[in-house]
Amino acid sequence: MARKLTERQQKFLEALFTDANGSIKDAKVIAGYSPASNSNEIVQALKDEILEATQTYMASNAPKAAFAMVNGIDDPTQLGIRDKMNAAKELLDRTGLVKTEKMQVESTGGVMLMPAKQASTEEDD
47 MARKLTERQQ KFLEALFTDA NGSIKDAKVI AGYSPASNSN EIVQALKDEI
97 LEATQTYMAS NAPKAAFAMV NGIDDPTQLG IRDKMNAAKE LLDRTGLVKT
147 EKMQVESTGG VMLMPAKQAS TEEDD
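According to our numbering, the sequence shown is numbered sequentially starting from 47.
No lab work stands behind these hints: they were computed from the structure. It should be emphasised that the depicted structure is a prediction, and the values quoted were computed from it without experimental measurement. Using N, Cα and C, we set each Cβ at its ideal position, and we do this for glycine too. Treat the hints with care, since some could be wrong.
Claimed, not checked - Restraint ranges, calculated between C-beta atoms of paired labels, are given here:
no., residue 1, residue 2, range
1, Met149, Ser80, 11 to 21 Å
2, Met149, Ala82, 49 to 59 Å
3, Gln150, Val116, 21 to 31 Å
Generate coordinates for the entire structure from the input sequences, incorporating the hints supplied.
Shown next as structure tokens:
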């Protein structure tokens, strides 16, 4: 169950991912906090909500990353394509769309397990 946030806290979270472009300092001013207010206290109070909103923000930008990768395939000569592809890969990895690696194991014949050899002594002969 989500906890009840104050109006200022809600405005802070909204501003953080819109007008403030991720800037804590700008978001707190937009939300109505004093510029002198302690940013660490605001963030600590909203830590879980900030993390959840960040995950949502990343997920909402995953389609852009997917399009960037496909466009890179279509036009591999575009300026900065390597950096764009790396950024897209990182974003997709963080949203759970990771590259799957498959391993193929082949075997011919089987393995026979033998019981441990018992040491023999001269008295047994």
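Results for each hint:
Met149 and Ser80 have their C-beta atoms about 57 Å apart, which leaves the hinted 11 to 21 Å range violated. Between Met149 and Ala82 the C-beta distance comes to about 57 Å, which sits within the given range of 49 to 59 Å. Judged by the Cβ atoms, the range 21 to 31 Å given for Gln150 and Val116 holds: they are separated by roughly 27 Å.
Going down the numbered hints, you'll see the structure goes against just number 1.
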